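Sequence order for the protein chains is A and B.
Here the first sequence stands for residues 9 to 402, where the numbers follow the numbering used here.
Here the second sequence stands for residues 9 to 402, where the numbers follow the numbering used here.
In short, the hints are calculated from the structure, not lab data.
Keep in mind that this is a model prediction, so the values were computed, not measured.
Mixed in with the good hints, there may be bad ones.
The list treats identical chains as one, so a pair stands whether inside a single copy or across any two.
Straight-line distance between alpha carbons at most 20 angstroms, and here's what the computed SDA-like set of lysine to any residue pairs gives [unchecked claim]: (1) Lys-337 <-> Arg-254; (2) Lys-83 <-> Thr-283; (3) Lys-251 <-> Trp-329; (4) Lys-144 <-> Ala-13; (5) Lys-337 <-> Gly-253; (6) Lys-337 <-> Arg-193; (7) Lys-251 <-> Asp-297; (8) Lys-251 <-> Gln-266; (9) Lys-35 <-> Thr-80.
There are 2 protein chains.
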Amino acid sequence: MTLAAASDSVGIVTPQHAAFESALALKCGRQLPRFDLVYETYGTLNADHTNAVLVCHALSGHHHAAGFHTSTDRKPGWWDVCIGPGKPIDTNLFFVVSLNNIGGCHGSTGPRSIDPETNRLYGPDFPVVSVADWVKAQAHLADHLGIERFAAIVGGSLGGMQAMQWAIDFPTRIAHALLIAAAPRLSAQNIAFNEIARHAITSDPSFHAGRYLEANDNPERGLMLARMVGHVTYQSDDGLRDKFGRRIQPNGGSGDTQFQIESYLHHQGRSFSQTFDANTYLLMTRALDEFDPARDYGDDLVAALSVAQADFWVCSFTTDWRFSPARSKEIVDALISAHKNVVSTIIDTAQGHDAFLLPVPRYLDVFRAYMQRVAWSLGFANRPDNRLTAGPAS
Amino acid sequence: MTLAAASDSVGIVTPQHAAFESALALKCGRQLPRFDLVYETYGTLNADHTNAVLVCHALSGHHHAAGFHTSTDRKPGWWDVCIGPGKPIDTNLFFVVSLNNIGGCHGSTGPRSIDPETNRLYGPDFPVVSVADWVKAQAHLADHLGIERFAAIVGGSLGGMQAMQWAIDFPTRIAHALLIAAAPRLSAQNIAFNEIARHAITSDPSFHAGRYLEANDNPERGLMLARMVGHVTYQSDDGLRDKFGRRIQPNGGSGDTQFQIESYLHHQGRSFSQTFDANTYLLMTRALDEFDPARDYGDDLVAALSVAQADFWVCSFTTDWRFSPARSKEIVDALISAHKNVVSTIIDTAQGHDAFLLPVPRYLDVFRAYMQRVAWSLGFANRPDNRLTAGPAS
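Here chain A stands alone, though its shape is the one from the complex (with noise of 0.2 angstroms):
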């Protein structure tokens, strides 16, 4: 049996494109004359399109979120642990739409695709994009797959501020939010992280501008590090000591690498750099330091959250030191004090931040609980029994 006809998988998929041929106007003031979406979904939309649910990626995600593209791959989607028959996001139930945001290199409109303007790559003239302009290019696939208003829209990380946005750009459009792992905005410290990992990127000789495809070339030292920093900061000191402490790395190899964790970050930046663009990265970084719907209401968080009409699940996790739990309680508490029906749930685990894409056991059955309680709420479900009714706990 492949791996993809598991009774809980969504075997396999396939990505689809949409072109939207209308401008796209941007934060920054410039537009997107038009645009490209790659995406892939789950499961089947019900007769009155209600039991839709939107997943956004983070940092470097995309749009293959569950199941296998071929009976061959030995990896399944980014979000597999989550999206599935039985799944948190049960596919019995939902119907799952991921996308690749605009910007990005695994297909949608980013700079790697070709300006209808001046013909050529649009590299590093790509418009900067932010969240906001993510969410309204999700409302047109949206309206291209004929979904007026999502079950849910989900996401980790960057993809909770996705979700956040949703819920304040358009309130009638989401019946809940849900926050995993996410921030109001970033702290001067995750600021910091991305700028480290941006100047990585563009002092690179091999970046040459932003110009390296052009240049046959790749600033793969630079994207190395920058996904070196990355891994290091989504795990906790814990989870590393768990899962490298200080061994030695058997045969030496390279020389120079000895302890394990030197060769693992080697292997997970060499591995990204290969397949991950630089000008992606320096977007999507920038996209996330901005993040901040407060400042469009007078920098009052509670002001945002007020126009919003969702209902929310806010998620994070202990040893989660980049997105913190104490970041998730001032969403909370700006909901609460928003008066909107928020279910806050903290998970206890070594993971970090990374703990939201691995099966960590606590959290997949809140996940799993809260949408249940999404699908019969919304009338497409049956109502679970009482066990269940109690609901996910705080």
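Based on these hints, arrange chain B on the given structure of chain A.
Same frame as chain A, but now just chain B:
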């Protein structure tokens, strides 16, 4: 009045050199055929030679710990807040010795020295040095200065590790070991950050496999990134928030830089990259990674510390996440199990790992109180009045 003339300053100081013409066998199996140490002293050695304090520097430190080299210097030595008349290490009581370690780049034998065996620069061929090697070289300096036993050996971070190693390797030559913001060995996360810094340097095309001086080049991009990583991780999230928050840089300047934290990091990184030697940075971080005194004692820290005869002060800072209070507690617990005298202090501050360099009032108070007790317990200062005999709080 110049800064150097302030009553609590050691004033104008002049670095001194000591040349050691016999070979120094290193832990790696190699040896230095001869070596030089550059050092400074503050205060006066008493007739019995019992009032000497050795100050050990951290990763990017050097011999110039206090005072000024000229009357026009705008900045004093790196630990001027702690060394001087009336300061925690009171130069009215103590004779303070501060040196640049071997492998350094401030005047002691290091990668920028000529290898007498090849008559060319050591560069990347400088032998791997360890904390134990530094301590051994420091013991030669003590012999040179006629110091049989130090009243105290003091250091923060990597400096604290040297003080710990002294207590183990030369138990009869150290009365008090002061370990500030230290750890018994690095965690996987610590090693990971060091490896990112090293990789930034070695992957810089200007590194030339360590022969950048002969190539008339300098891996300044790599050094800059290494320092930026250091700067972020030596401070706390709270500290950066208090200092920078999300404030925008007033007049844009270099175009891309936007948040103040970014231009701050650029400035710090750039100035470091002009003054520090890349090979030294690699050597020092490797020594940090490898430090693990328990390893020679069957991985038993209690056994390692059992040989010590010194009394200990172990001090940590609440928001230091690179060398957290939990890591200091490991040292304290081992010292208690080894039946040593130990005073443990945890200072509540937002300033992270860098706090050990900063004028945090309670830190300076407790430090001063401990050092006064050192002075009167060794008989070269009067026992203070009752208010002070209560001693430092835990």
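Hint check results:
| no. | hint | result |
| --- | --- | --- |
| 1 | Lys-337 <-> Arg-254 | between (34 angstroms within a copy, 19 angstroms between copies) |
| 2 | Lys-83 <-> Thr-283 | within (15 angstroms within a copy, 47 angstroms between copies) |
| 3 | Lys-251 <-> Trp-329 | both (18 angstroms within a copy, 19 angstroms between copies) |
| 4 | Lys-144 <-> Ala-13 | neither (35 angstroms within a copy, 64 angstroms between copies) |
| 5 | Lys-337 <-> Gly-253 | between (31 angstroms within a copy, 18 angstroms between copies) |
| 6 | Lys-337 <-> Arg-193 | within (12 angstroms within a copy, 34 angstroms between copies) |
| 7 | Lys-251 <-> Asp-297 | between (30 angstroms within a copy, 17 angstroms between copies) |
| 8 | Lys-251 <-> Gln-266 | within (15 angstroms within a copy, 37 angstroms between copies) |
| 9 | Lys-35 <-> Thr-80 | neither (42 angstroms within a copy, 51 angstroms between copies) |
This entry does not satisfy hints 4 and 9, going by the numbered hints stated previously.
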